[in-house]
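Chemist: Residue strings, one per chain:
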Amino acid sequence: MLEILTANRLSDGDVVYRTAAGDWVDTIDDAELIDDTDQLTVAVAAAQADVKASRVLDVAPIAVETAEGHIVPKRLRERIRAFGPTVKSDHRPGAV
Amino acid sequence: MYRYDEFDATFVRQRVAQFSDQVERRLRGEITEDEFRPLRLMNGVYLQLHAYMLRIAIPYGTLSSTQMRRLAHIARTYDKGFGHFTTRQNLQFNWPALKDVPAILAELAEVEMHAIQTSGNCIRNVTADHFAGAAFDEADDPRPYAEILRQWSSLHPEFSFLPRKFKIAVTGAAHDRAAIRLHDIGLEVKRGDDGGIGFAVHVGGGQGRTPMIAREINPFVPEADILAYVDAILRVYNLFGRRDNKFKARIKILVHETGIDELRRLVEEEFAQIRGGVLGLPAEEAERIRAYFAPPAFTARPAASARLDAARAGNPALDRFSRQNLHRHKTPGYTSLTISLKPIGGIPGDASADQMDAVAAIAERWAFSEIRVSHEQNLILPHLALDDVPEVFAALAEAGLATANAGAITDIIACPGLDYCALANARSIPLASALSERFGAPDRQDEIGPLSIKISGCINACGHHHVGHIGILGVDRKGEEFYQISLGGNPDESASIGDIIGPGFFADGVVDAVETVVDTYLKLRTSPGETFLAAYRRLGEAPFKEALYGA
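Chains as they are written, first to last, in numbering that gives the first Met the number 0: chain A, 0 to 95; chain B, 0 to 550.
Everything hinted at is true.
The following residues of chain B were derived to be distant from chain A, with all beta-carbon distances above 10 Å:
#1 Val-110
#2 Pro-295
#3 Gln-323
#4 Pro-441
Pairs of lysine-lysine, BS3-like flavour, derived with a Cα cap of 27 Å:
#5 Lys-98/B to Lys-51/A
#6 Lys-477/B to Lys-73/A
#7 Lys-79/B to Lys-87/A
#8 Lys-477/B to Lys-87/A
Stretches of chain B that chain A covers, calculated by requiring three or more beta carbons in the stretch to come under 8 Å of a beta carbon on chain A:
#9 43-49
#10 340-350
#11 424-435
Derived by calculation from the structure, the hints in this document are not laboratory data. Glycine included, each C-beta is placed from N, C-alpha and C at the ideal position.
Using the sequences and the accompanying hints, generate a full structural model.
Modeler: Here you go:
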């Protein structure tokens with residue numbers, strides 16, 4: 000199962016994803032794709048160190064798939080976290 | 000309106016300073032999230048799906064134009080230019096950064112606002128009838144008592160770690176617009192035989208996973224004793240409320256498991272100990288607080304407004320708006336006007352910063368600078384001359400706020416749902432938008448009449464689905480959004496919990512299902528005067544079940 004690591008950034012709460020270099024970024028496509036249990040264990044341990052270091056909160060591995068070169072979470076909840084609220088609005092820049 | 004005294008101002012300022020320091024220490028990594036979480040929650044800061052969320056207390060839903068402008072300013076400066084008014088008469092910002100929260104709280108403190116008691120197992124922000132002090136049918140204004148309860152409950156050391164959160168609502172009218180029977184304690188202001196003020200006290204109502212209608216524990220507690228009586232209830236709850244199971248910790252479970260008679264005995268026993276002590280409410284203190292809520296300087300006017308009537312005759316949109324969104328005022332020539340935050344197809348409860356500014360300006364010019372937030376997620380101008388309705392309607396229309404649907408089928412309550420909330424299992428807002436579009440044609444709404452749809456995206460029931468005439472609960476069915484429909488719920492003095500009508504529907508079928516229910520009602524009602532709720536209570540669930548699922 001293909002997974003990536005997500006969290007919320009401490010300072011502003013924004014949704015972030017962990018890259019292969021160990022950075023936390025806003026863009027899901029830059030996340031490190033993990034399909035190996037040992038690799039996941041290592042990544043989670045490193046991510047938990049960032050929780051301890053007060054960089055991010057609520058680290059979680061999430062299941063994803065790739066489509067046309069993009070990473071798409073399997074669960075709706077995570078798609079909403081990744082791509083924003085699905086509500087219509089004329090006063091909400093960036094809403095989908 | 001109530002104005003902070005020195006004590007209020009000091010404690011709010013102190014709290015801002017204290018929390019600013021806590022945020023700084025958290026950002027520097029000196030305290031862990033486990034240590035910080037309870038501190039941030041005590042200041043209204045949640046972590047949701049996309050960001051932090053800041054919930055700001057609006058005591059008993061009353062706001063001044065100055066306060067509304069400040070909320071607009073905060074929306075613009077620190078958020079994405081909008082705010083969300085909630086079913087608790089509060090305001091939530093969906094996108095603040097933690098590092099900005101101290102500055103936001105400092106800005107709020109300047110206009111006598113804060114985010115205390117919007118989270119945690121304490122006595123939460125007290126809510127009240129949104130037409131308080133204005134409605135033709137009230138025994139007295141409930142807000143002075145809501146304010147007295149606020150002062151008593153704010154940072155109350157004995158009640159800061161209750162088994163679970165605790166919500167109090169107050170109504171001043173027998174017709175209950177504050178859903179007091181769905182609160183931990185519901186108070187109804189009454190007049191005794193001698194004309195003196197007292198309260199019918201209801202206890203143990205609530206929604207969530209175990210919905211219950213409150214029971215009357217005392218039909219009349221005199222004004223002087225009300226704090227002592229409420230305190231006695233809290234003490235009994237604090238002692239005997241369950242702490243072993245979060246889902247059984249609300250006072251409704253204690254009432255259910257103990258029985259109202261035994262609970263009454265326990266409360267009376269406690270009350271006998273503290274009655275007449277420091278919690279006595281002296282008449283002069285009640286009077287002092289009441290003075291803050293004195294009615295504005297109304298001028299003598301005829302009961303009907305020839306000016307409005309003439310304008311209505313020439314303007315069908317104004318006529319429809321006046322029919323739908325005005326509520327009878329106790330003073331001749333005045334009205335209470337509902338500013339619907341339910342544009343057709345829009346987001347229930349959202350207002351942009353520009354709209355907040357527009358409402359502030361309109362209230363300032365025509366409505367004594369007073370605004371209310373209703374638990375139905377609308378705004379109210381409680382005191383407005385009927386003569387001024389045409390101008391106010393035009394100004395609201397310019398701000399995109401003149402939707403004529405108060406109490407109609409498109410006046411939908413919806414929680415933030417899975418689009419924002421970390422607890423949600425399904426989306427609420429897009430469903431509300433779709434239903435609003437389906438039923439939004441004015442003729443269709445008029446044909447249907449008063450009908451409330453209430454949507455929650457999880458079992459916690461922030462969207463009040465249990466008491467919607469049509470209630471919708473979103474759940475997760477194997478990774479797919481799935482919606483259960485209940486019928487016959489009602490939050491007022493004839494409160495009832497809706498009946499789950501049958502198997503639920505996936506997202507693509509739920510709007511059609513609601514329409515089937517509505518069409519069944521239209522077909523079976525005895526006359527257009529028989530409301531959906533009345534028809535459902537007469538007919539029962541059978542014809543609706545049959546229409547939805549076949550014989």
